[in-house]
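What follows is each chain in one-letter form.
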Amino acid sequence: MTAATFTDTRGRTPVVRSRGHGANVLRRLLRNPVAMIAATIILLLVLMAIFAPWLMPADPYATSMLKRLKPIGTEGLPLGSDELGRDLLSRLMLGGRLSLFMGIAPVVMAFIIGGGIGILAGYAGGWLNTAIMRCIDVLYAFPSVLLAIALSGALGAGITNALVSLTVVFIPQIARIAESVTTQVRRSDYVDAARASGASSLLIIRKHVLGNVIGPIFVYATSLISVSMILASGLSFLGLGVKPPQPEWGLMLNTLRTAIYTQPWVAALPGLMIFITSVSFNMLADGLRSAMEVKQ
Amino acid sequence: MKPTHSARDPRDLGGPRQPLLSVRELKKHFPLKKTGLGLRGPRLAVRAVDGISFDILKGETLGVVGESGCGKSTTARLLMQLTPQDSGELVFDGLSLGSPGLSLRDYRRQTQMVFQDSYSSLNPRMTVEDSIAFGPTVHGVSQREALSRAHDLLARVGLEPARFAGRYPHELSGGQRQRVNIARALALEPRLIILDESVSALDKSVEAQVLNLLQDLKQAFGLTYVFISHDLNVVRYMSDRVLVMYLGEVVEVASADALFEQPLHPYTAALLRSMPTTDPLRRTEQAPLSGDPPNPIDPPSGCRFHTRCPDAQAICRMRAPVFGEAMPGRSVACLKYQPGSGYAASTIALKEVTHA
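Chains as they are written, first to last, in this note's numbering: chain A, 1 to 296; chain B, 1 to 356.
It is worth saying that the hints were derived from the structure and are not from the lab. As the structure is a computational prediction, the values presented were derived from the model and not from experiment. Mixed in with the good hints, there may be bad ones.
Here are the simulated SDA-like cross-link-like pairs (lysine to any residue), alpha carbons at most 20 Å apart as the crow flies [to be verified]:
#1 A:Lys207 with B:Val46
#2 B:Lys33 with B:Leu13
#3 A:Lys207 with A:Ala23
#4 B:Lys33 with A:Thr183
#5 B:Lys33 with A:Gly125
Coverage of chain A stretches by chain B, computed from C-beta distances (three or more under 8 Å per stretch; other residues unrestricted) [to be verified]:
#6 208 to 218
#7 246 to 260
For glycine and all other residues, C-beta sits at the position ideal for the given N, C-alpha and C.
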C-alpha cells in the first residue's frame, strides 16, 4: 500500500517519513465497521461502569419485600427487580464495574508476567527455554475452568484471590504465544544482524524483539478478556469470587437462578450483559488481528 | 567517514602482508536429535564445517564457491560468530579472537555481514535510517551523529537520504533493501565484510548494479570481502582468489584467474564444467557433476569426493588427502598432487598442468 507521508527534520536534512506501523494498524481498525461497533459498545460499557454511582436511578442495595421479582417495565423498575426487591438496572450498572475489572485485570497482569516469561524463554532458547516451557506446560495441562476453581477454592473466596487464580490461569496461555512468536523473531536475519553489530541481548530484545512480538501477544490477550469475564462470573456464581451483597453479573446470575421460572427475562439479564461484553471484546480482538495481519 | 584509504589504516596492526583473518581448523558439527529412545548407538551429527583453514588477505575479495549444503553459509555464520564453533581459531590481524587483545565486541565492530534475504534482514518496524544507525549507537555514537552517518551512507550506496531515510523496508524494492543492508554493514566502519549470497536473490540487472557498488565501496573504504556465492560467473567477476568447498572441507584455493583457467582439483573442474556457456567452441565434452553430494552425516571414507570423482583410484577410498600447496599460490586437497600418496600419477604431470 502507499503510505501517506510527511516531512520532518530530525536529521540534518528534511526527510520524507512514512507512517509507522501503529498508525497504519489504527487506520485499518477505524475502517472496520464490526470492530468499531464492538469498540463503541465496550466504550459505553466502560463509561457506564465508571459513572454508575451517578447514573443509577435507584439505590442498588435497597431491598424491599413488596417489590420482589417484578417484571421488566414495572413502574419505577425499568428492568424489574431481583429476589430481594432491589432495582435490577442499578445493580447491572454498578455490577459492570466488578465484572469488567475481573475481565481485564487478570489479563493485564498475565500479559505482563506471561509475556515476560514467554519472551525470555523464546529469546534464550536451548535448555532454559525447555525448562521454562515444561513448567508452563504443567499449568497448561489443566482445563482453565478447573484450574481457576481449584486455585480459588484453595485460596478461599474473595476478589483478590479470584484475581490471583485467574492470572495464574492465563499466564501459561500468554507465555506460550509469546514464546512461539519470540522464537520466530529470534531466528530472523535482522536479529542476527543486530547481534553481529555487537549489541547486548537486552538491547536487542528492547529494540528489535519487543516491537515485533508485542502485537500478536496483545491481540491474543484481548481475546482472553471475554474468557476471563466468564470465568470470573463462574467463580462468583460458585461463591468463590465476589461476595453478596456487592453486585457482580456472575453473582447476580447465581442469586437470580431461583427466579428462572417466575421471571425468566429478569433472571437472564446479567447473562445477557456478560454475553454482550464478551462478544464485543472478541470482535475487537478479531478486528485488531486482521488490522495487524495485513501484508504490506 | 573517511573518504579514501590512501594513508595506512591506523587499525592495521601487522602490515599489508599479514592476513586480515586467519581461519584455523574451524569445525562445526550439528548434532542430530536422537530418534526413538536413542539410548543406543553413537551420537550422529551433520558435519557442516569439518576442520577448515584458510587466510583472508588484506584488501582482497575471497570468493567461496561450492554446491548447496557444502558448508558455505555455516562458514559465513562462523566467521561472523553468529554460531559458536566446536573448535578452531579465528586470528584477526594477528590477534586471536577471544584473547585479551581482541574481544568479540571489538571483532564484530571490524567484521560485518550482508545476508542473502534483503527483506528478513531488516527489522520491519524500523525505518531505514534507524536500522543503519542502530550499530553505531551500540558502540557509543550519539543518536544524532549516528543518524547523520546513516544519511551519508545512504547517499553513498545510491539512495537519496531525503527520500529513503524515513521509509520502512516493505516500501523498498529488493535492490534498494540490499543497498540499505550494505549501508548498515558499513555503518560500523568494518574492515572485513562477509557477503553471504548477498546478490543471489536480485534480478540480473539489479545484481550487476549492486556488484559494481560493492566494488566501488571496496575501493573507497579499503575493505576486504568474503564473497560467498553459488554463481561462478559472479564469483569470477568479483574475486581475487577463490576457495572451493566440498562437504564441509576446503578442496582448493587459488587465484581466480588460475582457478578458472586451470582447475586442479577434479571437483573444481567438474564445477566449472557445470557452468553454462553460449560459446559453441567451449562446448563441454565431459559430463558435468551428476547426482547429489553424499550425506554430510556420514561422509565417504578417504577423500570425500571419491564417490563422484572421474579420476578416483582405489587409494582415494582409503586415504584422506592433505590440503597443501601443489604449486606456488595454489593449494589443493587431492592425492593426485600429493607426492608419495600412492596415487598412480602416470597420466598426470604437474609440469603439463602448469604450462597448459
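We went through each hint and held it up to the structure:
1. A:Lys207 with B:Val46: violated (34 Å)
2. B:Lys33 with B:Leu13: violated (44 Å)
3. A:Lys207 with A:Ala23: holds (19 Å)
4. B:Lys33 with A:Thr183: Given pair Lys33 (chain B), Thr183 (chain A) holds - Cα atoms ~19 Å apart, limit 20 Å.
5. B:Lys33 with A:Gly125: Between Lys33 (chain B) and Gly125 (chain A) the Cα gap is close to 16 Å, so the pair holds against 20 Å.
6. 208 to 218: That given contact holds, which follows from 3 residues of the segment 208 to 218 of chain A lying within Cβ reach (below 8 Å) of chain B.
7. 246 to 260: violated (count 0)
In the structure shown, a violation is registered for the earlier hints numbered 1, 2 and 7, in ascending order.
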